[in-house]
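**Q** Single-letter residue listing:
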Amino acid sequence: MDLTTYIKGLKLRNPTILAAGILGSSASSIKRVIRGGAGAIVTKSIGVVPRDGHKGPVMIKTEHGFLNAMGLANPSYHEFKRELKESKGEVPIVASIFGGNAEEFKEVALGLIEANPDAFELNVSCPHAEGYGADIGEDPNAVENITRAVKKAVNVPVWVKLSPLTNIVKIGLAAQRGGADAVVAINTIPAMAIDTESCFPVLGNTVGGLSGAAIKPVALKCVYDLYSMLKIDIIGVGGISSWKDAIEFIMAGASAIEIGSAVYEDIRIFRHISEGISRYLQNKGFELEDIRGVAVK
Amino acid sequence: MDLTTYIKGLKLRNPTILAAGILGSSASSIKRVIRGGAGAIVTKSIGVVPRDGHKGPVMIKTEHGFLNAMGLANPSYHEFKRELKESKGEVPIVASIFGGNAEEFKEVALGLIEANPDAFELNVSCPHAEGYGADIGEDPNAVENITRAVKKAVNVPVWVKLSPLTNIVKIGLAAQRGGADAVVAINTIPAMAIDTESCFPVLGNTVGGLSGAAIKPVALKCVYDLYSMLKIDIIGVGGISSWKDAIEFIMAGASAIEIGSAVYEDIRIFRHISEGISRYLQNKGFELEDIRGVAVK
Amino acid sequence: MIPMDAEITHIVNETPSIRTFFFDFSLEHIPGQYVMVWIRGVDEVPMSLSYPNAITVQKIGEATSKLFKMVKGDSFGIRGPFGNGFSLEGRSILLVVGGVGAAPLGALADRAKSDGLRVETILGAKRADELLFEKRFKEAGDLLITTDDGSLGHKGLATDLVGEIDLTKYDAIYSCGPEEMMFRVLNVVEGIGMSSRAQFSLQRYVKCGLGICGACCIDPYGLRICRDGPIFRGDQLTETEFGRYMRDASGKRVKI
Amino acid sequence: MIPMDAEITHIVNETPSIRTFFFDFSLEHIPGQYVMVWIRGVDEVPMSLSYPNAITVQKIGEATSKLFKMVKGDSFGIRGPFGNGFSLEGRSILLVVGGVGAAPLGALADRAKSDGLRVETILGAKRADELLFEKRFKEAGDLLITTDDGSLGHKGLATDLVGEIDLTKYDAIYSCGPEEMMFRVLNVVEGIGMSSRAQFSLQRYVKCGLGICGACCIDPYGLRICRDGPIFRGDQLTETEFGRYMRDASGKRVKI
Ligand SMILES: Cc1cc2nc3c(=O)[nH]c(=O)nc-3n(C[C@H](O)[C@H](O)[C@H](O)COP(=O)(O)OP(=O)(O)OC[C@H]3O[C@@H](n4cnc5c(N)ncnc54)[C@H](O)[C@@H]3O)c2cc1C
Ligand SMILES: Cc1cc2nc3c(=O)[nH]c(=O)nc-3n(C[C@H](O)[C@H](O)[C@H](O)COP(=O)(O)OP(=O)(O)OC[C@H]3O[C@@H](n4cnc5c(N)ncnc54)[C@H](O)[C@@H]3O)c2cc1C
Ligand SMILES: Cc1cc2nc3c(=O)[nH]c(=O)nc-3n(C[C@H](O)[C@H](O)[C@H](O)COP(=O)(O)O)c2cc1C
Ligand SMILES: Cc1cc2nc3c(=O)[nH]c(=O)nc-3n(C[C@H](O)[C@H](O)[C@H](O)COP(=O)(O)O)c2cc1C
Ligand code: FES
Ligand code: FES
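Residue numbers (the working numbering), protein chains in the order written: chain A, 1 to 297; chain B, 1 to 297; chain C, 1 to 256; chain D, 1 to 256.
Only chain A is shown next, with the shape it has when bound in the complex (with noise of 0.2 Å):
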């Protein structure tokens, strides 16, 4: 079955690709996650400077999903330039980048470009990084400006990962206007757990974002409603572990899926979900391009 996908820009070898953040950090784990069957990969999100990130636990497992306070650790552009480079090859790579206003976002994004990245992702979401990523999504103007920044900087495509707690309709045509070429969502959902022993928050960072299979119906959403509303490609992501999980996410309206907490279960999945597709849609006698967003009715 050919699962060949196109976002704008960008020619998939199936709809799968990994998450920001998740084992995006290194050109050794982004190529294991290539050898599992990824169509295209999100870095790691990278900034202006060294950060080392938030104090421990910065994540934990919990019944339902996962909640992370990882605090944007990253190595900057300058040194992330040379992860960038190796990594490069098989299947497009999508630098995610993040920064506290629009100069900083084309910095990064002019300090990698040497690196070739296939596409940027604007990371304008991140929940637990005081003065970066939700607290500028929040703000339609911003993200419009950032994504026009990025967008006159370079000449790759630019995707914008939303928040789902604002109201994601609203963001997602703000960095539309902006000429983004694709909206990912979503980021984490804002979250936290408390030690009930020691009367601790359990994150370092005392709150953090959700992941994973508890968040499913939510991005799910979000990304229905920004399929009936945007022109652009939507990317689905949050709480993807299954074929089944993904075609949901297809039939909402999604172009394709990134998966990031799933990879816990066996970085893998990208090719066992890949297959999963593939056998559903023979057996339906459908065409990936004759799911999308179907259930939009």
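No wet-lab data here; the hints were simulated from the structure.
Take these hints with a grain of salt, some might be off.
[Claimed, not checked] Here are the simulated DSSO-like cross-link-like pairs (lysine-lysine), alpha carbons at most 30 Å apart as the crow flies:
hint: 1; chain 1: B; residue 1: K55; chain 2: A; residue 2: K244
hint: 2; chain 1: B; residue 1: K284; chain 2: D; residue 2: K69
hint: 3; chain 1: B; residue 1: K297; chain 2: D; residue 2: K255
hint: 4; chain 1: B; residue 1: K88; chain 2: C; residue 2: K138
hint: 5; chain 1: B; residue 1: K61; chain 2: A; residue 2: K244
[Unchecked claim] Residues from chain B shown here face chain C by an in silico Cβ test under 10 Å; the list is partial:
hint: 6; residue: S26
hint: 7; residue: V48
hint: 8; residue: V58
hint: 9; residue: E63
hint: 10; residue: F66
hint: 11; residue: P75
hint: 12; residue: E114
hint: 13; residue: H272
hint: 14; residue: E275
[As the list claims (entries may be wrong)] Reference listing, derived: stretches of chain D covered by chain A, where coverage requires no fewer than 3 residues with Cβ under 8 Å from a Cβ of chain A:
hint: 15; segment: 1-7
hint: 16; segment: 74-88
hint: 17; segment: 108-122
hint: 18; segment: 135-147
hint: 19; segment: 228-239
A virtual CB, placed ideally from N, CA and C, is assigned to each residue, including glycine.
Use these hints to put chains B, C and D with the ligands onto chain A, whose structure you have.
**A** Same frame as chain A, now just chains B, C and D with the ligands:
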């Protein structure tokens, strides 16, 4: 162990409260929940005119929670007065009400007042009824005005139920300005599911709200944020199904907690959770008051 | 659970207004349990399992009419089985059946027969051609028929016969049909102190099917049709709303 | 999982810089597996289980210093056990241990002894008073000691001895200690074609412990210390970053 709980103007035998829309539609079901140990009851949300609610499926159990789009089915305040009267007695009964604007909220509140509810809970956060609930609850001015209107009209405590899909602190502060005696967080999170066999969204209303275990870490974070910024009581709700969950919410600052979906396991969940809280406090040598907000550093 | 996809393998026209829809899998269930049937794009409605792989449906309104337009190969969604089901007790039982109430009781008759019980059935309908599962009940044991218009068997109501026969000879009595009918049966068994030996399959607005939403609760004890029922013993129903009123989709009381 | 609450029952001062913290429950584990130790309000750090109910910790920085301030009755959080652990193979094994690397290898020695294996240990430390689990290794089999300053045993490095003895007589070789030390061991076993019979316990920045965040991956195959390791065979490590560089908390490469 004494679990007596005070929420501005109300005295509860324990901090467990039935959440709105759960078995709260008739005096008989309310009394059954009281026998199950609840410290207080919030009724189904009541409006100006009868509503049949959405077409089915109105609710499904998912792997990690529940999805529902009941559609604010209710027989109107005219009809519900009788149920409210018959429910009164053992524990405080809080009438949940909704409307399209401040006038309607006021009409419903005044309409029910002769049945002597012990408090009102204003539903400005239902995610799946157009023109009601969260459509209003996104706007701080609307929330402030509605709260003030009801507060002026009645002389019992008024709670405001918040949606997680907004800047919840902003809306909480608006409720506080409007005179709310407490805020209740959170209502369900907008969500959906798609049947990959038929390509149909599963809920009759297409989209609905996620409740149950999946949303607990999100609700907890909301309570935590509100407790840090508001002066009035916070009532926690969302995914609570064990005494440990309840204690997490109290440690995040909740004065009391509401239980919804977990009645699925056992209607006596209120008793079980109270007993668990008692055991915990006894083991630790704490009073209930000692742990309130203790995780907020 | 996401509803299972049930593909129609076979449709039986039972009566002018009742059809049985067989689907492509079987559900392990206790007779009396129901499923939520999702007619996509229309509604989801409760239906008793009349066979492990079938529901037997009377055309009533929107959802059932849409179902009646379906043909072999079409499909609907199924959640369940839900509810408690009948409890088979003793050696000799009586079934009092009205109309489409034969759906769960047909399944019960099959089970009782294969368990070696003595089964007697009073089967009522408006007219002879509206009698449901006549052959099925006959195969399970003795059958008495009543029709409102006398077109077959006794002219009158199933409950007329219930008043006439000696009920004490049965270990258990099972009834499903219009609520007025079941209410009369309840009154009769109550009169002779047998209400705890009678089981009734109730119909109320069932919405969530999970015991959470409260739509199906009956006064004054708050018993939930969808979870605690749909089968209740007579002694659970005396001095309740049963036979008096029920609630519509909004929760408003309506007289029966 | 929410970290389990581990209450300190007993503290052993092993060396001037190393302590063993026993806690109030035991974890079923394979020697070599680690736990994430949550020093509340400070940080969460990986520590090998030195006993089913203990970790043995060298004071290094923030978290370990805070731990060293704790007394009996204090508690920390524990997630785990995580990782793969050592695989015990053959009948005669050699342990090459440097410093606090004795934590997992002490547990392995106990297990090997109780399984009836022949255990020989080369235990190295800076000074005599920094030797960890000397008695424990002696009880498990033969023990050779090296100290940098010659204050006990052979003066020099553990790896000096490794170069001198005939390694082919061992079925398996296990090593944990400073990476320079393990790298030398790797070079020796590689030279004699035994790298697949040697197992190394690696230390890298471990953040999530779940195999998701990518912090602990080693070049060029992307093996994750936290999930695929922390134990790797020599043949998995040749031509990798091992012994050459590692990454700091930000992901930046730093020379070893
Ligand atoms: C436990 C249980 C088992 C049942 N088993 C059978 C069966 O085996 N065969 C059969 O033909 N019917 C059965 N029914 C009744 C069946 O559910 C209704 O006839 C059906 O819902 C009508 O749907 P509709 O859309 O065609 O009618 P509508 O046009 O929606 O309404 C017509 C009437 O149907 C009833 N109804 C509608 N929706 C519901 C609902 N969600 N729950 C209950 N009643 C509703 C109401 O009385 C309503 O006034 C059962 C009901 C229950 C509660
Ligand atoms: C699988 C594994 C098992 C280990 N077992 C033991 C053991 O049994 N006994 C023992 O004493 N030590 C062990 N360590 C090392 C131990 O984790 C570090 O010494 C500890 O993290 C230092 O924390 P700190 O806050 O005191 O130091 P910091 O002040 O935070 O940093 C000092 C140095 O410690 C290291 N370090 C800090 N945080 C981490 C981290 N999250 N992961 C890895 N290294 C880190 C870095 O090299 C850092 O430069 C193990 C490490 C790993 C990866
Ligand atoms: C450990 C971890 C680190 C993450 N880091 C980033 C990041 O750096 N940038 C970003 O945009 N999203 C980040 N995310 C969010 C994911 O890319 C993804 O949006 C989210 O986890 C939901 O998908 P999932 O349920 O498949 O994990 C991170 C998520 C996790 C779990
Ligand atoms: C079936 C159902 C109906 C609900 N109806 C209402 C309602 O009428 N008004 C309201 O404010 N909240 C309503 N809610 C939201 C709950 O009161 C509660 O906020 C939410 O379910 C989260 O709590 P839980 O996880 O304990 O269920 C409803 C929830 C469910 C599951
Ligand atoms: S139908 Fe919802 S409780 Fe019975
Ligand atoms: S520490 Fe996160 S992948 Fe290993």
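**Q** For each hint, tell me whether it holds in the structure or not.
**A** Hint check:
1. For the hint linking K55 (chain B) to K244 (chain A), the alpha-carbon distance of about 25 Å falls within 30 Å, and the restraint holds.
2. Proximity of K284 (chain B) to K69 (chain D) is assessed by CA-CA distance (about 23 Å); at most 30 Å being required, the pair is judged to hold.
3. Simply put, K297 (chain B) and K255 (chain D) have alpha-carbon atoms about 39 Å apart, too far for the 30 Å limit, and the pair is violated.
4. With a C-alpha separation of about 52 Å, the suggested pair K88 (chain B) and K138 (chain C) falls outside the 30 Å cut-off, and the hint is violated.
5. Taken as a hint, the K61 (chain B) and K244 (chain A) pair is honoured in the structure, with Cα atoms around 17 Å apart against an allowance of 30 Å.
6. Because the smallest distance between the Cβ of S26 (chain B) and any Cβ of chain C comes to about 5 Å, under 10 Å, the interface hint for this residue holds.
7. Interface restraint check for V48 (chain B): the shortest CB-CB distance to chain C comes to about 12 Å, outside 10 Å, so the restraint is violated.
8. Interface restraint check: V58 (chain B) against chain C, minimum CB-CB distance 5 Å, threshold 10 Å, status holds.
9. Of the supplied interface hints, the one on E63 (chain B) holds, with its beta-carbon coming within about 9 Å of a beta-carbon of chain C, less than 10 Å.
10. Below 10 Å, beta-carbon pairs count as interface contacts, and F66 (chain B) has one with chain C at about 7 Å; its hint therefore holds.
11. Hint on P75 (chain B) holds. Least Cβ distance to chain C is approximately 4 Å, under the 10 Å limit.
12. For the restraint placing E114 (chain B) at the interface with chain C, the shortest Cβ-Cβ distance is roughly 19 Å, beyond the 10 Å limit, so the hint is violated.
13. With 10 Å as the threshold, the beta carbon of H272 (chain B) stays out of range of chain C, its nearest partner Cβ sitting at about 16 Å, so the hint is violated.
14. Contact between E275 (chain B) and chain C, as hinted, is not supported at the beta carbon level, the nearest pair being about 22 Å apart and thus beyond 10 Å.
15. Interface restraint, the segment 1-7 of chain D with chain A: holds (4 residues with C-beta to C-beta distance below 8 Å; minimum three).
16. By the rule of at least three residues with a Cβ nearer than 8 Å to a Cβ of chain A, the coverage given for the segment 74-88 of chain D holds, with 3 such residues.
17. Chain A is given as covering the segment 108-122 of chain D, and this is violated because 0 residues of the stretch bring a CB closer than 8 Å to a CB of that chain, at least three being needed.
18. For the segment 135-147 of chain D, the stated coverage by chain A is not satisfied: 0 residues place a CB nearer than 8 Å to a CB of that chain, which falls below the threshold of 3.
19. Remark: the segment 228-239 of chain D is not confirmed as covered by chain A, as 0 of its residues place a Cβ nearer than 8 Å to a Cβ of that chain, below the required three.
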